[in-house]
Amino acid sequence: MVKFRIYPAHQALWLVKQLLPKFVHHHIEMACALLDTCGRFLYRLPSSHRRTKVYLEVMLRKKTALHMDQRYATMIENAYYYCNPPEAQKQVRFF
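Residue 85 in UniProt numbering sits at position 85 of the sequence shown, with consecutive numbering throughout.
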């Protein structure tokens, strides 16, 4: 709904912000599910890019600091790399 601008981007980011202070179990799942569905849109949208980037970095810091289950760590990494994929390297073929 965020991608189609039915639900405002700032409210979606507010939801992520509310989930971050108590970042355990179902809060991790909800934040990752939200970012999996509209995170890339929020990251690329100029008005919400900075806040999305900060929240993604906070999630990564909490992942390393809290020593959580491997399942949750993988969910966080997937959400991060979905929103901010690494630069693709050009493959040059020599014939």
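These aren't lab readings, by the way, just hints derived from the structure by calculation.
Some hints here could point you the wrong way.
[What the hints assert, rightly or not] Derived lysine-lysine pairs resembling DSBU-like cross-links, with alpha carbons at most 30 Å apart:
hint	residue 1	residue 2
1	K53	K90
2	K63	K53
3	K53	K17
4	K22	K3
[Stated by the list, open to error] Now the in silico label distances, taken between C-beta atoms and shown as ranges:
hint	residue 1	residue 2	range
5	E77	K22	33 to 41 Å
6	H27	K3	16 to 24 Å
7	H27	M1	18 to 26 Å
8	P8	V92	40 to 48 Å
9	N84	Q18	19 to 27 Å
Beta carbons are placed, not taken as given, at the ideal position from N, Cα and C, and that holds for glycine.
Hint check results:
1. K53 <-> K90: This hinted pair holds, its Cα atoms lying about 25 Å apart.
2. K63 <-> K53: 15 Å, holds
3. K53 <-> K17: Holds, at roughly 12 Å.
4. K22 <-> K3: 26 Å, holds
5. E77 <-> K22: 33 to 41 Å: 20 Å, violated
6. H27 <-> K3: 16 to 24 Å: 23 Å, holds
7. H27 <-> M1: 18 to 26 Å: Holds: the Cβ-Cβ distance is about 20 Å, inside 18 to 26 Å.
8. P8 <-> V92: 40 to 48 Å: 44 Å, holds
9. N84 <-> Q18: 19 to 27 Å: 22 Å, holds
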